[in-house]
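K.L.:
Could you put together the complete structure from these sequences and hints?
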Amino acid sequence: MTDAPVMYPRKPQRIKGRSIAIIVFLSMAALFFCIPLYVLVVTSFKEMEQIREGAIFSLPARWTWEAWSYAWFDACSGLTCEGLRQGFWNSVAILGPSLVASIALSMVTGYALALWKMKWAGTFLFVLFLCAFVPFQIIMYPLIRLTVSLGIYGSMTAIVFVHTALALPVLTLIFRNFYKDIPEDIIKAAVMDSGSFWRIFIEIILPMSGNILIVVLIMQITSIWNDYLIGVTFGGLGTKPMTVHLANMVTVSTGTVSYNVNMAAALLTAIPPLVIYFVLGKFFVQGIAAGAIKG
Amino acid sequence: MPRVSFEHIVKRYGNVTVLDGLNLAVEDGDFLVLLGPSGCGKSTLLNLIAGLQDVTSGRIMIGERDVTELDPKDRGLSMVFQSYALYPTKTVEGNLRFGLSARKLPKAEVNKRVKWAADLLQLQPLMRRKPAALSGGQRQRVAIGRALVKHAEVLLFDEPLSNLDAKLRTEMRLEIKKLHDTLKPTIVYVTHDQIEAMTMATKIAVMNDGEIQQFGTPDDVYENPANLFVASFIGSPAMNLAAATLTVDGGQPLATFADGSAMSLTDAPFDNDVQPDREIMVGMRPEHFVMDATGSAAGHAAFELPVRMVERTGSDALISLDFAGEHLFVRAEPDRAVKIKSGDAVSVHYPIAKLNLFDVQTGQRL
Chain A
1 MTDAPVMYPR KPQRIKGRSI AIIVFLSMAA LFFCIPLYVL VVTSFKEMEQ IREGAIFSLP
61 ARWTWEAWSY AWFDACSGLT CEGLRQGFWN SVAILGPSLV ASIALSMVTG YALALWKMKW
121 AGTFLFVLFL CAFVPFQIIM YPLIRLTVSL GIYGSMTAIV FVHTALALPV LTLIFRNFYK
181 DIPEDIIKAA VMDSGSFWRI FIEIILPMSG NILIVVLIMQ ITSIWNDYLI GVTFGGLGTK
241 PMTVHLANMV TVSTGTVSYN VNMAAALLTA IPPLVIYFVL GKFFVQGIAA GAIKG
Chain W
1 MPRVSFEHIV KRYGNVTVLD GLNLAVEDGD FLVLLGPSGC GKSTLLNLIA GLQDVTSGRI
61 MIGERDVTEL DPKDRGLSMV FQSYALYPTK TVEGNLRFGL SARKLPKAEV NKRVKWAADL
121 LQLQPLMRRK PAALSGGQRQ RVAIGRALVK HAEVLLFDEP LSNLDAKLRT EMRLEIKKLH
181 DTLKPTIVYV THDQIEAMTM ATKIAVMNDG EIQQFGTPDD VYENPANLFV ASFIGSPAMN
241 LAAATLTVDG GQPLATFADG SAMSLTDAPF DNDVQPDREI MVGMRPEHFV MDATGSAAGH
301 AAFELPVRMV ERTGSDALIS LDFAGEHLFV RAEPDRAVKI KSGDAVSVHY PIAKLNLFDV
361 QTGQRL
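Taken in order, these protein sequences are the chains called A and W.
Under my numbering, think of the first position of the first sequence as 1, with each following residue one higher.
Under my numbering, think of the first position of the second sequence as 1, with each following residue one higher.
Wrong hints could be hidden among the right ones.
EDC-like, lysine to aspartate or glutamate: derived pairs with alpha carbons at most 16 Å apart [claimed, not checked]:
hint: 1; chain 1: W; residue 1: Lys73; chain 2: A; residue 2: Asp185
hint: 2; chain 1: W; residue 1: Lys341; chain 2: W; residue 2: Glu304
hint: 3; chain 1: W; residue 1: Lys167; chain 2: W; residue 2: Asp193
hint: 4; chain 1: W; residue 1: Lys354; chain 2: W; residue 2: Asp267
hint: 5; chain 1: W; residue 1: Lys90; chain 2: A; residue 2: Glu203
hint: 6; chain 1: A; residue 1: Lys117; chain 2: A; residue 2: Glu184
hint: 7; chain 1: A; residue 1: Lys117; chain 2: W; residue 2: Glu69
hint: 8; chain 1: W; residue 1: Lys184; chain 2: W; residue 2: Asp30
hint: 9; chain 1: W; residue 1: Lys354; chain 2: W; residue 2: Asp271
hint: 10; chain 1: A; residue 1: Lys117; chain 2: W; residue 2: Asp54
hint: 11; chain 1: W; residue 1: Lys184; chain 2: W; residue 2: Glu27
hint: 12; chain 1: W; residue 1: Lys339; chain 2: W; residue 2: Asp292
hint: 13; chain 1: W; residue 1: Lys184; chain 2: W; residue 2: Asp28
hint: 14; chain 1: W; residue 1: Lys341; chain 2: W; residue 2: Glu311
hint: 15; chain 1: A; residue 1: Lys117; chain 2: W; residue 2: Asp71
hint: 16; chain 1: A; residue 1: Lys119; chain 2: W; residue 2: Glu311
hint: 17; chain 1: W; residue 1: Lys130; chain 2: A; residue 2: Glu203
hint: 18; chain 1: W; residue 1: Lys339; chain 2: W; residue 2: Asp316
hint: 19; chain 1: W; residue 1: Lys354; chain 2: W; residue 2: Glu223
hint: 20; chain 1: W; residue 1: Lys112; chain 2: W; residue 2: Glu93
hint: 21; chain 1: W; residue 1: Lys177; chain 2: W; residue 2: Glu159
Okay, the calculated beta carbon distance ranges per label pair [to be verified]:
hint: 22; chain 1: W; residue 1: Thr17; chain 2: A; residue 2: Leu229; range: 54 to 62 Å
hint: 23; chain 1: A; residue 1: Leu150; chain 2: W; residue 2: Ser162; range: 56 to 64 Å
hint: 24; chain 1: A; residue 1: Val148; chain 2: W; residue 2: Tyr13; range: 48 to 56 Å
hint: 25; chain 1: A; residue 1: Val134; chain 2: W; residue 2: Thr17; range: 38 to 46 Å
hint: 26; chain 1: A; residue 1: Val279; chain 2: W; residue 2: Asp181; range: 53 to 61 Å
hint: 27; chain 1: W; residue 1: His151; chain 2: A; residue 2: Leu213; range: 33 to 41 Å
It should be emphasised that the hints constitute simulated quantities derived from the structure, not laboratory data.
Backbone N, C-alpha and C define an ideal beta-carbon position, used for all residues, glycine too.
P.N.:
Shown next, in the form of structure tokens:
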């Protein structure tokens, strides 16, 4: 039972030498990320003539969306010249099922492991723990063989399958640890009241999982959207995600390099996870801090 | 409302044996309190009836049914937890309803029962609230309501009052006792608080180290403790226990204390034959002492002892006397106690018939 948080008025603090040092350090760290981002943004709004002058920090002489629209509608990735659009929709199509499958499976498994008596639960957890540390590159080839023999290699299904499988160990551990902290008596009461695995999950556990769901959602959206290796390995023609399209566009070897289009394309690809951060960021921090105070 | 019985219950965790061949039966409609210090196995026993833990061996019967292997939800019990264990995301009403979810009841019956419990426990104004918006006492009432709506034959309570403050605890004690009087369920109630045990129970089982030390009515356990553990555990202030040697002089039993004083035990309540020359403990309840007795009275032992200190506890006062270097606590009226200062000598009488005598070696009552 969470009591209403008590807010104490903050004591006004004098700025000390130590806090100045911290502020300076943090500002430098922020600049480290902000300067490249600034270059990225201003370049994407410039015309090629201005870019060729070489002043990368200058503001655009004429602000234009041309590079953005070219990147979205017309840029060439390999042989097709339909812009990033197709990749975007591919990524969305990969993201949805991967999210639902990986989170649903790991949530129920974590719930079962944490709150129900299961044979070999300890061993299973240990194996999960080991799996969480196996790098993808090591099992890439066996996975390719597996998807080939399942007849899904080169399809969107293969990408979703691999994303889901790879996320399961870590997500299951996260959910299991979250559920382990739910007061034991609540589960005992629910077992005596209902005894139904699914009923307790849906009516009691799921409504208590809001915080951790947000955390996992952000983690998964970011990692699935930003993934390149799985997409390029398991995707076929027309099923590759946005990141692969972006890479193909940028590494074009003929003609001139259109920096403005490349920057716009990179920004377009990076926007969806950013939006998720801005929308869910507040809950994300709450979720991470919630470990100790829920229930 | 059936009887509940435990037959030869053994519970081990790995190599640790918590309960070893325990037998206990609660009659239909009894209010059984399992009383004992932390770690004595009382909560384990409760979890075993509930089915939340499995017995290593033995049998648990509820009425005529062997429930040892049944799932918790099929045992026909409900339980109230120390932490209340309300579902935090459900309203009070949702909490009550979820208690009925295992039973496939018609909607009208569910509504009827929820309303009945809400009226009984005065939960009507709280029905839309979440547990976080309730006070401790309100939460406990909801927890009890959730247990009652199931119309379970046996109610289990796991230290339900220990998270409440003293005043609420007294109120809730009365409410639970009243519920037992009106609904007459069989109740098994775990606590380490002897006042709860004494006030509510119809039967008390005093436990220590996984064994039942004594099983009986509250009066029985209080007045005739079966062994030294029960004698020292039950009662606040605790029973005075003075070491003595038992001898028989001309057919008359006699206790000789460390300071050389002797007490005739001719009228003492021996359960067994008197065997001389052994170390015993003489137990005297502080409230049985008679203050300001002079001379000698038949059937009473007389003490004249210096006062160490006087404690006022509110409705009572407790006088500590120096008896052979040990404290001897005597209950007194506060008006009387204010006139006593430490260092004074007071004379008190103790009725021999109310002595409790224990063998030091076995710890058992003589």
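K.L.:
Indicate, hint by hint, whether the structure satisfies it.
P.N.:
Status of the hints after comparison with the structure:
1. As the CA atoms of lysine 73 (chain W) and aspartate 185 (chain A) are separated by approximately 15 Å, the hinted pair is consistent with the 16 Å bound.
2. Taking the CA atoms of lysine 341 (chain W) and glutamate 304 (chain W), the gap is near 15 Å; set against the 16 Å cutoff, the hint holds.
3. Distance restraint check for lysine 167 (chain W) and aspartate 193 (chain W): the Cα-Cα separation of roughly 15 Å lies within the 16 Å cut-off, and the hinted pair is therefore satisfied.
4. With a C-alpha separation of about 10 Å, the suggested pairing of lysine 354 (chain W) with aspartate 267 (chain W) holds against the 16 Å cut-off.
5. For the hint linking lysine 90 (chain W) to glutamate 203 (chain A), the alpha-carbon distance of about 9 Å falls within 16 Å, and the restraint holds.
6. Simply put, lysine 117 (chain A) and glutamate 184 (chain A) have alpha-carbon atoms about 13 Å apart, close enough for the 16 Å limit, and the pair holds.
7. With a CA separation close to 15 Å, the supplied pair lysine 117 (chain A) and glutamate 69 (chain W) stays within the 16 Å bound.
8. With a CA separation close to 8 Å, the supplied pair lysine 184 (chain W) and aspartate 30 (chain W) stays within the 16 Å bound.
9. A hinted pair counts as satisfied when its Cα atoms are at most 16 Å apart, and lysine 354 (chain W) with aspartate 271 (chain W) qualifies at roughly 13 Å.
10. Under the criterion of a C-alpha separation no larger than 16 Å, the hint pairing lysine 117 (chain A) with aspartate 54 (chain W) is consistent with the structure, at around 11 Å.
11. Taking the CA atoms of lysine 184 (chain W) and glutamate 27 (chain W), the gap is about 12 Å. The hint holds against a cut of 16 Å.
12. For the given pair, lysine 339 (chain W) sits about 12 Å from aspartate 292 (chain W) by alpha-carbon distance, which is consistent with the 16 Å threshold.
13. For the hint pairing lysine 184 (chain W) with aspartate 28 (chain W), the CA-to-CA distance comes to about 9 Å; that is within 16 Å, so the pair holds.
14. This hinted pair checks out: lysine 341 (chain W) and glutamate 311 (chain W) have alpha carbons roughly 11 Å apart, not beyond 16 Å.
15. Distance restraint check for lysine 117 (chain A) and aspartate 71 (chain W): the Cα-Cα separation of roughly 13 Å lies within the 16 Å cut-off, and the hinted pair is therefore satisfied.
16. Annotation: proposed proximity of lysine 119 (chain A) to glutamate 311 (chain W) is violated, straight-line Cα distance about 58 Å (limit 16 Å).
17. Annotation: proposed proximity of lysine 130 (chain W) to glutamate 203 (chain A) holds, straight-line Cα distance about 15 Å (limit 16 Å).
18. With a C-alpha separation of about 14 Å, the suggested pair lysine 339 (chain W) and aspartate 316 (chain W) falls inside the 16 Å cut-off, and the hint holds.
19. Straight-line distance between C-alpha atoms of lysine 354 (chain W) and glutamate 223 (chain W) comes to about 8 Å, which keeps the hinted pair within the 16 Å bound.
20. A C-alpha spacing of about 12 Å is found between lysine 112 (chain W) and glutamate 93 (chain W), which places the hinted pair at or below 16 Å, so the restraint holds.
21. For a cut-off of 16 Å, the pair hint linking lysine 177 (chain W) to glutamate 159 (chain W) stands: about 15 Å separates their Cα positions.
22. Between threonine 17 (chain W) and leucine 229 (chain A) the beta carbon distance is about 55 Å. The supplied range of 54 to 62 Å therefore holds.
23. In this structure, leucine 150 (chain A) and serine 162 (chain W) meet the distance hint of 56 to 64 Å, their C-beta atoms being roughly 57 Å apart.
24. With their beta carbons about 50 Å apart, valine 148 (chain A) and tyrosine 13 (chain W) fall inside the hinted range of 48 to 56 Å.
25. The supplied range of 38 to 46 Å is met by valine 134 (chain A) and threonine 17 (chain W), whose beta-carbon atoms lie about 42 Å from each other.
26. Hint check: valine 279 (chain A) to aspartate 181 (chain W), Cβ distance near 57 Å, so the stated range 53 to 61 Å holds.
27. Separated by about 37 Å at the C-beta atoms, histidine 151 (chain W) and leucine 213 (chain A) satisfy the suggested range of 33 to 41 Å.
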